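Visitor: Working from the sequences, and respecting the hints, build out all of it.
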Amino acid sequence: MPFSTLRLQYAPRICTVTINRLDRQNSINAQLLEDLHQVLDQLEADPDCRLLILEGQGGVFCTGMDFTEVAGDTSNGADAEKAETFMRLLRRMSLSRKIIIAKIDGKVTAGGVGLVAASDFAVATPRSQFSLSEALWGLLPACVVPYLIRRIGFQPAYWMTLSTLPFSPEEALNYHLVNEISTDPDEVIRRLLLRLGRLDEAIIFDLKAYFRKMWIVTEQMEQTAIAEITRLVTDPRVRNNIQEFVNYQRFPWSPR
Amino acid sequence: MPFSTLRLQYAPRICTVTINRLDRQNSINAQLLEDLHQVLDQLEADPDCRLLILEGQGGVFCTGMDFTEVAGDTSNGADAEKAETFMRLLRRMSLSRKIIIAKIDGKVTAGGVGLVAASDFAVATPRSQFSLSEALWGLLPACVVPYLIRRIGFQPAYWMTLSTLPFSPEEALNYHLVNEISTDPDEVIRRLLLRLGRLDEAIIFDLKAYFRKMWIVTEQMEQTAIAEITRLVTDPRVRNNIQEFVNYQRFPWSPR
Amino acid sequence: MPFSTLRLQYAPRICTVTINRLDRQNSINAQLLEDLHQVLDQLEADPDCRLLILEGQGGVFCTGMDFTEVAGDTSNGADAEKAETFMRLLRRMSLSRKIIIAKIDGKVTAGGVGLVAASDFAVATPRSQFSLSEALWGLLPACVVPYLIRRIGFQPAYWMTLSTLPFSPEEALNYHLVNEISTDPDEVIRRLLLRLGRLDEAIIFDLKAYFRKMWIVTEQMEQTAIAEITRLVTDPRVRNNIQEFVNYQRFPWSPR
Numbered sequence: 001m002p003f004s005t006l007r008l009q010y011a012p013r014i015c016t017v018t019i020n021r022l023d024r025q026n027s028i029n030a031q032l033l034e035d036l037h038q039v040l041d042q043l044e045a046d047p048d049c050r051l052l053i054l055e056g057q058g059g060v061f062c063t064g065m066d067f068t069e070v071a072g073d074t075s076n077g078a079d080a081e082k083a084e085t086f087m088r089l090l091r092r093m094s095l096s097r098k099i100i101i102a103k104i105d106g107k108v109t110a111g112g113v114g115l116v117a118a119s120d121f122a123v124a125t126p127r128s129q130f131s132l133s134e135a136l137w138g139l140l141p142a143c144v145v146p147y148l149i150r151r152i153g154f155q156p157a158y159w160m161t162l163s164t165l166p167f168s169p170e171e172a173l174n175y176h177l178v179n180e181i182s183t184d185p186d187e188v189i190r191r192l193l194l195r196l197g198r199l200d201e202a203i204i205f206d207l208k209a210y211f212r213k214m215w216i217v218t219e220q221m222e223q224t225a226i227a228e229i230t231r232l233v234t235d236p237r238v239r240n241n242i243q244e245f246v247n248y249q250r251f252p253w254s255p256r
Numbered sequence: 001m002p003f004s005t006l007r008l009q010y011a012p013r014i015c016t017v018t019i020n021r022l023d024r025q026n027s028i029n030a031q032l033l034e035d036l037h038q039v040l041d042q043l044e045a046d047p048d049c050r051l052l053i054l055e056g057q058g059g060v061f062c063t064g065m066d067f068t069e070v071a072g073d074t075s076n077g078a079d080a081e082k083a084e085t086f087m088r089l090l091r092r093m094s095l096s097r098k099i100i101i102a103k104i105d106g107k108v109t110a111g112g113v114g115l116v117a118a119s120d121f122a123v124a125t126p127r128s129q130f131s132l133s134e135a136l137w138g139l140l141p142a143c144v145v146p147y148l149i150r151r152i153g154f155q156p157a158y159w160m161t162l163s164t165l166p167f168s169p170e171e172a173l174n175y176h177l178v179n180e181i182s183t184d185p186d187e188v189i190r191r192l193l194l195r196l197g198r199l200d201e202a203i204i205f206d207l208k209a210y211f212r213k214m215w216i217v218t219e220q221m222e223q224t225a226i227a228e229i230t231r232l233v234t235d236p237r238v239r240n241n242i243q244e245f246v247n248y249q250r251f252p253w254s255p256r
Numbered sequence: 001m002p003f004s005t006l007r008l009q010y011a012p013r014i015c016t017v018t019i020n021r022l023d024r025q026n027s028i029n030a031q032l033l034e035d036l037h038q039v040l041d042q043l044e045a046d047p048d049c050r051l052l053i054l055e056g057q058g059g060v061f062c063t064g065m066d067f068t069e070v071a072g073d074t075s076n077g078a079d080a081e082k083a084e085t086f087m088r089l090l091r092r093m094s095l096s097r098k099i100i101i102a103k104i105d106g107k108v109t110a111g112g113v114g115l116v117a118a119s120d121f122a123v124a125t126p127r128s129q130f131s132l133s134e135a136l137w138g139l140l141p142a143c144v145v146p147y148l149i150r151r152i153g154f155q156p157a158y159w160m161t162l163s164t165l166p167f168s169p170e171e172a173l174n175y176h177l178v179n180e181i182s183t184d185p186d187e188v189i190r191r192l193l194l195r196l197g198r199l200d201e202a203i204i205f206d207l208k209a210y211f212r213k214m215w216i217v218t219e220q221m222e223q224t225a226i227a228e229i230t231r232l233v234t235d236p237r238v239r240n241n242i243q244e245f246v247n248y249q250r251f252p253w254s255p256r
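Protein chains in written order, with our numbering: chain W, 1 to 256; chain F, 1 to 256; chain D, 1 to 256.
Simulated from the structure, these hints should not be mistaken for lab results. On a predicted model such as this, the values are computed, not experimentally measured, just so you know. There could be a bad hint or two in this list.
Chain copies aren't distinguished; within one or between two, either way the pair holds.
Derived lysine to any residue pairs resembling SDA-like cross-links, with alpha carbons at most 25 Å apart [as the list claims (entries may be wrong)]:
(1) 213 - 136
(2) 213 - 176
(3) 213 - 165
(4) 208 - 223
(5) 98 - 184
(6) 213 - 71
Guide: Below, the structure is given as structure tokens:
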């Protein structure tokens with residue numbers, strides 16, 4: 001079954017999911033969220049798949065929610081549903097019986113940082129760049145924050161969000177947002193497979209469930225995240241910021 | 001309105017608060033706490049102030065509570081009130097709609113480390129030095145700890161407190177207690193303003209409130225901190241340690 | 001009183017506990033757990049002991065639970081009791097009125113990593129190596145995890161457990177699992193004593209109790225850990241993995 005927003009490649013024991021929306025900067029729309037959930041359903045049932053690689057293309061990993069779609073949404077329900085579906089995607093990645101590896105070659109912003117944070121391992125090429133620029137638009141990376149704090153600690157997550165500044169791969173490595181920088185990420189992945197291929201799926205499942213009990217991310221925290229992003233994205237001022245950008249390429253901080 | 005313990009300077013979009021108690025090593029007394037709360041009241045109501053810079057002078061950022069004042073306090077109520085006012089200061093810094101930057105050039109000890117930990121960003125000159133030496137006196141940096149753990153993680157905060165050893169700026173950077181070391185901190189701040197000046201105050205406020213919900217510092221934890229420091233500082237043995245030092249410059253670990 | 005699994009050496013203000021089971025790779029059996037609790041009882045009552053050094057010998061610090069003993073256990077009760085005794089050991093180390101230093105020269109795996117994580121300070125020689133290989137056996141370092149997350153943060157603890165890969169001393173330092181790498185750990189310890197010897201035992205006790213209130217490790221989390229390791233170690237598949245290894249040196253991932 002082909003997906004309109006993803007490409008799927010199989011190699012022995014390695015499945016690669018490529019986000020295929022380069023015309024929209026690999027941003028996240030409702031269809032991509034649905035396709036990601038479906039591809040996870042499919043791959044989690046495939047015993048040959050040991051490592052699940054998530055990647056972008058054309059110098060873009062993922063740039064977060066699709067502003068064009070947000071600008072066109074006419075009901076608050078659509079925003080809340082997308083937030084809930086995205087939050088659920090991050091949770092299931094963090095609880096999956098597959099080992100999920102973010103393979104980053106290029107731009108990672110907003111919700112894309114969430115996909116990295118919820119992965120088990122992240123490898124980035126030297127040309128990669130990371131940023132959370134939501135605050136410039138009056139938004140927050142609300143669903144990303146719990147998983148980002150879990151991965152890099154409170155203060156780096158906080159400053160990345162408040163500063164809106166881009167992070168280099170070296171900074172991302174320093175904060176442990178990525179595990180390794182490499183010009184040959186496939187080689188890194190092949191090396192990992194040698195060890196990780198020995199793990200039984202049952203213990204991967206047990207391990208992830210266990211670590212969730214040993215940390216502070218809760219269902220309630222995720223509900224708080226969904227409520228907060230929905231509140232912000234339906235705020236008239238924020239909506240205006242997004243529409244001005246989508247329709248006229250005007251930034252909120254540009255002189256009027 | 002002038003403050004007896006602070007100086008206030010205005011530049012376009014940048015307000016600088018300078019702790020002005022160099023005769024007491026920029027230590028924190030009841031008056032400084034009151035003045036810091038008042039200056040925050042004033043600056044938070046000032047729409048032109050985008051960055052709030054907190055600094056010391058004369059090679060001292062801040063050296064924590066004023067032992068001379070503590071030695072002279074005759075009622076436990078004064079100690080409890082100061083602890084509560086200091087704890088409230090750290091909380092409001094962490095929730096302020098202004099971006100607060102600690103600009104450090106020199107010595108930072110005890111409660112001064114708390115001011116750094118509760119700031120949004122910290123830049124330090126190479127001659128800066130950090131330490132929590134409370135334990136040598138039979139005390140704990142009780143109000144500092146929640147914000148220090150939040151900023152640098154459990155173990156570094158724990159070891160800094162237990163070891164009482166000084167940290168170099170390089171170590172402080174390694175632990176992310178400071179974000180940057182620079183011989184020209186004003187240049188670092190000017191650079192930050194280019195990006196941070198674009199943020200609407202409303203989203204800064206929302207962001208800080210949101211991150212508080214995503215972390216473990218609670219009102220109850222702050223009450224535990226206030227109770228613990230009050231208990232310790234009113235302990236006869238600790239009080240004797242402080243009085244011996246204030247009156248005779250004798251350290252608790254000196255041979256008697 | 002001599003211990004069958006430990007050696008005890010006294011120097012002024014420094015007590016050294018050496019794990020003495022090199023014939024079993026310094027692994028942890030029921031007797032070692034009992035002896036460690038007894039030696040802690042003894043040293044905590046000794047006012048001359050300021051620093052308590054925990055070390056291994058012969059290039060092995062500690063390699064976690066003794067699989068030979070586990071393979072021979074015939075009742076689930078023995079496993080549960082050992083898990084509870086080990087968990088209680090880590091907790092009391094983290095709450096002890098003595099400063100506990102892990103002095104590492106060589107191999108540290110599984111439960112041995114827990115001893116390091118629960119220590120106040122860890123120094124390692126360059127030939128040291130760290131790993132959590134439990135998952136390869138269908139197990140988890142369940143009792144280690146709460147103290148490892150506390151020490152090195154969620155993601156490094158998570159990845160160390162999931163990857164099962166060895167960590168070099170440099171990586172361990174980068175993650176703050178060890179505080180220092182040195183070819184002369186005794187010199188590091190002597191230097192620490194100069195400062196730490198000034199601390200009153202009462203404040204060490206207060207400090208550790210206070211930090212426990214400022215972090216997420218709870219009694220309930222420890223009970224979850226004990227239940228999880230007991231569940232796994234009594235699972236027939238895991239028990240078979242262990243018995244195949246003990247009896248025939250067959251690894252779970254070897255071709256049959």
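Visitor: Decide, hint by hint, whether the structure agrees.
Guide: Results for each hint:
1. When the C-alpha separation of residue 213 and residue 136 is checked against a cutoff of 25 Å, the pair qualifies only between copies, where the shortest distance is 21 Å, while the shortest distance within a copy is 34 Å.
2. In this homomeric assembly, residue 213 and residue 176 come within 25 Å of each other (Cα to Cα) both inside a single copy, at 21 Å, and across copies, at 23 Å.
3. For a Cα distance limit of 25 Å, the shortest separation of residue 213 from residue 165 across copies, 23 Å, qualifies, whereas the shortest one inside one copy, 32 Å, does not.
4. In this homomeric assembly, residue 208 and residue 223 come within 25 Å of each other (Cα to Cα) both inside a single copy, at 20 Å, and across copies, at 18 Å.
5. Taking CA atoms no more than 25 Å apart as the test, residue 98 paired with residue 184 passes inside one copy only; the shortest distance there is 22 Å, against 43 Å between copies.
6. In this assembly of identical chains, the alpha carbons of residue 213 and residue 71 never lie at most 25 Å apart, being 38 Å within a copy and 28 Å across copies at closest.
The earlier numbered hint that this structure contradicts is number 6, and it is the only one.
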